[in-house]
Amino acid sequence: MSTAGEIRIREAGPEDAEAVARVLHESFIEFRVLYTDGGFAATTPNAEQIRVRMVEGPVWVAMREGTAVGTVAAVVKGTRLYMRGMAVLPSARGFRIAARLLEVVEARARLEECGSVFLSTTPFLSGAIRLYEGSGFRRTDEGPHELGGTPLFMMEKNIVG
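Take the sequence shown: its position 21, counted from the start at 1, is 10 in this note's numbering, and no numbers get skipped.
Hints were generated in silico from the structure; no laboratory data involved. Source: prediction; values computed, not measured. Be careful, since some hints might not be right.
Restraint-style ranges between C-beta atoms, simulated for each label pair [claimed, not checked]:
| # | residue 1 | residue 2 | range |
| --- | --- | --- | --- |
| 1 | N147 | E(-5) | 26 to 34 angstroms |
| 2 | V41 | H134 | 21 to 29 angstroms |
| 3 | V22 | R(-3) | 28 to 36 angstroms |
| 4 | I18 | E101 | 29 to 37 angstroms |
Heads up, the beta-carbon is just placed ideally off N, CA and C, and yes, glycines get one too.
Given these sequences and hints, build the entire structure.
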């Protein structure tokens, strides 16, 4: 039986930007044909774009044996926390890393006294959608409804406590 090894989640720093960009690219490349060029580029930012995100809000990285295997970022938007850039390498899936990253985001939302966490996703990311729905996220009619021509929908979860 394979094990996840010890997974550590920590806030990423500028020195982690390349690794975060790699995780995003490697995690979404299997879905590349379903994205438009603009949608894929927005979903897989480069290291410099990751550094900009780090100024806008926290970016976390999940580490296993010294290697980045997952990531997520967040930005406070008024009374809500916007979660973006959730990704786990295909080789690291099945070990609850995404669920743990989601817990980190929700903890940050509580710390920031946000009433909810919201995100956008594409209809073809069924595994992610199952995770979000299983964690209490519900689809909303809020836009945007596309990202660089790739269809999107929004999801939101109210945070209590």
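A quick look at each hint next to the structure:
| no. | hint | result |
| --- | --- | --- |
| 1 | N147 to E(-5): 26 to 34 angstroms | holds, 32 angstroms |
| 2 | V41 to H134: 21 to 29 angstroms | holds, 24 angstroms |
| 3 | V22 to R(-3): 28 to 36 angstroms | holds, 33 angstroms |
| 4 | I18 to E101: 29 to 37 angstroms | holds, 32 angstroms |
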